[in-house]
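Letter by letter, the chains look like this.
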Amino acid sequence: MKVGLVKLKDLKQVALVVLVLGLLAIPLAAYAEKPTSIKFVIGNWAPPVLQSFFEKFEKETGIKVEVDDYEFRNLLDIIEVRQKAKDETVDLFFVDAPLVPSYAVRGFMKALDGDFTEQEIGATWPEAAVGVGYWDGTLWAPPINNSSQVLFYNKELFKEAGLAYPSVEVEKRWTWKQVVEAAKKIVDPDRGIWGFSFDQVNRYYQLQALPESAGGGSGVGKDGLSVKGYLTNDGWIKAFTFYHDLYERWKVSPRGPGPVELPPMFGAGKIGLFVGGLWNIPDFVEAGVDFAVAPHPYFADGVPATPANSWHIGVWSHSQKPEAAVELLRYLTMDPEVSIYWLEKHGQFPSDYAALDYIMEEPDYAEQPWIAYRIAAYEAAHTAVIRARTPAFLEFEEILLDTFEDIRNGADPKASLQIAESRIERAMARYQF
Amino acid sequence: MTERQARYRAAYLFICPIIALLVIFRLYPVASAFWESLYQLQFQGRVMEKIYVGLRNFQDLWGEPIFWKSLWVTLKFNLIVNPLQIGLALILALLLNLHKNVRTIYMLPLGVSLPIASIIWRIILDPNQGIANGLLKLVGITPQPFFTSADQALWSVIIIATWKGLAFWMIFLVAGLQNIPSTCYEAARIDGANLWQEVVHISIPLLRRIILFVLVVDTSVNFVLFAPMYIITRGGPTFSTNVLMYEAYRSGFTYQDWGRAMAIAIILLVIVLVIVGIQFKAFQTREY
Amino acid sequence: MNIGRSKKTLLRASWWLAILFGLIFTILPFVWILVSSPRPNYIIFRYTTPLSWRTFTPVPATWQPYIAIFQKGYGRALVNTTFVALTTVLCGIVINSMAGFVFAKLEFPAKTFLFVLVILTFLVPFEATAIPLFILIRRIGWYDSYHALIVPGLANGIVVLMYRQFFLGIPTALMESARVDGASWWRIYWDIFLPMSKPAHICAALIIFFFQWESFLWPLMAAPGEKYRVIQVAITYLSTEYGLLWNEQFAAAVVAASIPLVLIFRFQKYYVRGMSGTEIKG
Chain A
460 MKVGLVKLKD LKQVALVVLV LGLLAIPLAA YAEKPTSIKF VIGNWAPPVL
510 QSFFEKFEKE TGIKVEVDDY EFRNLLDIIE VRQKAKDETV DLFFVDAPLV
560 PSYAVRGFMK ALDGDFTEQE IGATWPEAAV GVGYWDGTLW APPINNSSQV
610 LFYNKELFKE AGLAYPSVEV EKRWTWKQVV EAAKKIVDPD RGIWGFSFDQ
660 VNRYYQLQAL PESAGGGSGV GKDGLSVKGY LTNDGWIKAF TFYHDLYERW
710 KVSPRGPGPV ELPPMFGAGK IGLFVGGLWN IPDFVEAGVD FAVAPHPYFA
760 DGVPATPANS WHIGVWSHSQ KPEAAVELLR YLTMDPEVSI YWLEKHGQFP
810 SDYAALDYIM EEPDYAEQPW IAYRIAAYEA AHTAVIRART PAFLEFEEIL
860 LDTFEDIRNG ADPKASLQIA ESRIERAMAR YQF
Chain B
122 MTERQARYRA AYLFICPIIA LLVIFRLYPV ASAFWESLYQ LQFQGRVMEK
172 IYVGLRNFQD LWGEPIFWKS LWVTLKFNLI VNPLQIGLAL ILALLLNLHK
222 NVRTIYMLPL GVSLPIASII WRIILDPNQG IANGLLKLVG ITPQPFFTSA
272 DQALWSVIII ATWKGLAFWM IFLVAGLQNI PSTCYEAARI DGANLWQEVV
322 HISIPLLRRI ILFVLVVDTS VNFVLFAPMY IITRGGPTFS TNVLMYEAYR
372 SGFTYQDWGR AMAIAIILLV IVLVIVGIQF KAFQTREY
Chain C
1363 MNIGRSKKTL LRASWWLAIL FGLIFTILPF VWILVSSPRP NYIIFRYTTP
1413 LSWRTFTPVP ATWQPYIAIF QKGYGRALVN TTFVALTTVL CGIVINSMAG
1463 FVFAKLEFPA KTFLFVLVIL TFLVPFEATA IPLFILIRRI GWYDSYHALI
1513 VPGLANGIVV LMYRQFFLGI PTALMESARV DGASWWRIYW DIFLPMSKPA
1563 HICAALIIFF FQWESFLWPL MAAPGEKYRV IQVAITYLST EYGLLWNEQF
1613 AAAVVAASIP LVLIFRFQKY YVRGMSGTEI KG
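Protein chains in written order, with the working numbering: chain A, 460 to 892; chain B, 122 to 409; chain C, 1363 to 1644.
This is chain A alone, in the form it adopts within the complex (with noise of 0.2 angstroms):
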């Protein structure tokens, strides 16, 4: 491209740095924001189930409800780098129930006090579902959803093994012994079958039965900032002892899949035994594999004991509608439409009254798979564990994580436990005054 011109050099220069200028230059007039809408910050799996909800609230309030939805993963650090550049374009946004204290003492969420009575508290949600949502006696966020989890078990490697099928009452629950052994029965390396694996396998969520059940407690202390000696008692050892022998001694459960693979494997009929969540029935109804349910398995000299407890959802603490914010809360919250609709269609375990006393009155739901519900319904009303309350849960959460994967890959449980609490114990630190 040969041109002479001196005054073509100078004007390609002077276009280059409008360009340039321009593109810094152009106001994006961001959203003309209208005085009658929300912003609600959620996982990507609820747009699909609340939309209609949505619509319902737009049509009786005329306010509108504006979506930024996210994926698990990301969602919980997403809320973190909003929060730290003080969004202000956020109204309302999904809580983890276990994640509330870190929230409050953060300043993340508006107080809710006086936004619900204490009657329509009593009255909506029993109180392990709702007591989590408060912290130093205020409420900061009311649970939208609960979860429970329960035995699952292939019929056909059963039978193939001769075993006789766990009892689905309560009262008749197997042992973690029972497990074992017929755990043992089934697995088959050579066809690439095991026998007994957890669902969230190295998550505290889903292990902390374990230790409970033992009697070692949610391994932190009653003002939740410390846990010194608490990740190391008998319970504890004791149940990680037995973690630590399904991989390493009795070899009836697979080192490497993490939560988002085994479940699959469940359902591609390639493990015998499997605690795991409610929501895993649709997927494996769908995947064709032969099951059934039972209640989540107990040590035999302790307590039976499940895990529990889902989202919540909180006012965002910079929202600058704050009234409307609560009107849709309490609607999602409270009227049992919603909860519901969100059991019947998509397998999601209710907290409050009404869609339990639903699930006990329905007939479906005294068949197999459905069964599990009903079992749920008693667990959460009997066995269920709360979650370590604690400002440093996330730390708490993490470094345990990190801990449950080094005993699934063999390391010593004590020591690993005793590594766990001085980490811990160091990230709580900064949360003591």
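Among the hints, erroneous ones may be present.
Cut-off 27 angstroms, straight-line C-alpha distance, at most; resulting in silico cross-link-like pairs (DSSO-like, lysine-lysine) [said to hold, decoys possible]: (1) Lys618(A) - Lys631(A); (2) Lys171(B) - Lys543(A); (3) Lys402(B) - Lys873(A); (4) Lys710(A) - Lys171(B); (5) Lys523(A) - Lys636(A); (6) Lys569(A) - Lys515(A); (7) Lys1473(C) - Lys515(A); (8) Lys1589(C) - Lys518(A); (9) Lys523(A) - Lys1434(C); (10) Lys402(B) - Lys1473(C); (11) Lys643(A) - Lys710(A); (12) Lys687(A) - Lys873(A); (13) Lys569(A) - Lys171(B); (14) Lys569(A) - Lys873(A).
If you are wondering where the hints come from, they were derived from the structure by calculation, not from laboratory data.
Given the coordinates of chain A, assemble chains B and C onto it according to the supplied hints.
Okay, now just chains B and C, sitting in the frame of chain A:
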């Protein structure tokens, strides 16, 4: 205007857009981020507040065994991965300089992003279900624990990093090789040089400029690489893959301890700067 | 004579064996996602062990994942990412090569300082600057827009360094004689250096393109909505609350891989040997 002044003017005009963009979108955020390393979040009664702590974050790191372990893992990782990647890329570039089709197949890893590559390699290297152990079994080798063993985990990550990196760096080296005029080789051949001599005495020296580039950038990329650790090993087993950048990422994005995260980032930067400086000095070329 | 020939064949054979091994290593992950993607989700892991013909053959096969991802807006993500990547490449090549040219061929005050500054910008990992940059973008009003995705990615220290190294290899004499003939600096840059540097442009395009193509954290923060979503972010949305839709993610990865690969194959022809050699004689 003198010639010198004309040059100065041209230089500044040409460089203006890039410096402006870098200052606004890179350097200002960097300064702002590094400023964070002087603060900590502390519980002050009912809520957490950010308070100035000076160099306390750095002091805390100094006394933390995990920091030193992570530093060691980072150095170990880079001492292996950088020469490995560049050495293999160089060999491949020299071997495949003329074989366009084979070369193209080696470029396939470029299409897959590092997170997805990590997920796939985790499946392939699964100790029980993975294809790798399946293939090893066929030739009679015992199955390996790969990511589940503290001895092999880092090497497994090196495999992933090399898988992706080879394709990328090979391209630049091939570009550099293509750029060497054939006259150089012809002259050497007339003088009686064989293939090996051609490579050692012509190709490699004339590739110096490109090799420096590949070295510097590969170093800077690998020092902050942490996607496979984030997705697969989470720094384990027992911290054997806990590189500094992963530690910083966790401190920041997961624990919201930005003071510690930025302190680690600054330390990382100093280390990389020193190494890159040495690389520049070692590969200094005169212009001609 | 005989010994020499068999030695040569042995050398050749081991050379080809090494290449073959390298090839298997290189394409194995590809083959895996290629054959895994047309499976129903619950079968993905059924045949990984024990190793059999079923491991590498999708039976039953279904195109459902490929259809599903496009129903979920993946097509839009492809268009977005391609647009963002190509725009950044075109503008980026010009901006960065200008700087590379200056660092390679001109002397001026503060040159070393500015060069170190440029190097510094790619030594600092992006994650460290993510949040301040996020706050800045929000303040400018570029949140959720193409501007947020393109502009911060234009100035790339790596590309500047690459151009500098490349231009260092072009003889200064060329430049000086043109200057003596009265050419302006812009003409020297635009009409002499740029056309000679096709391999460098390909390399720059590669760096910038892949930087944008593989970008995840920044687009997630700055442009999360469906309108401006990019590929890597879109892939993570192919999931449920508790698990990944493996077959869809693999299908998406296959589609995401094909575009840059097609571009690379087509641009390989610009690696023409000795091209810059002939230019020098001019």
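Numbered hints the structure breaks, given as an ascending list = 3, 4, 5, 7 and 14
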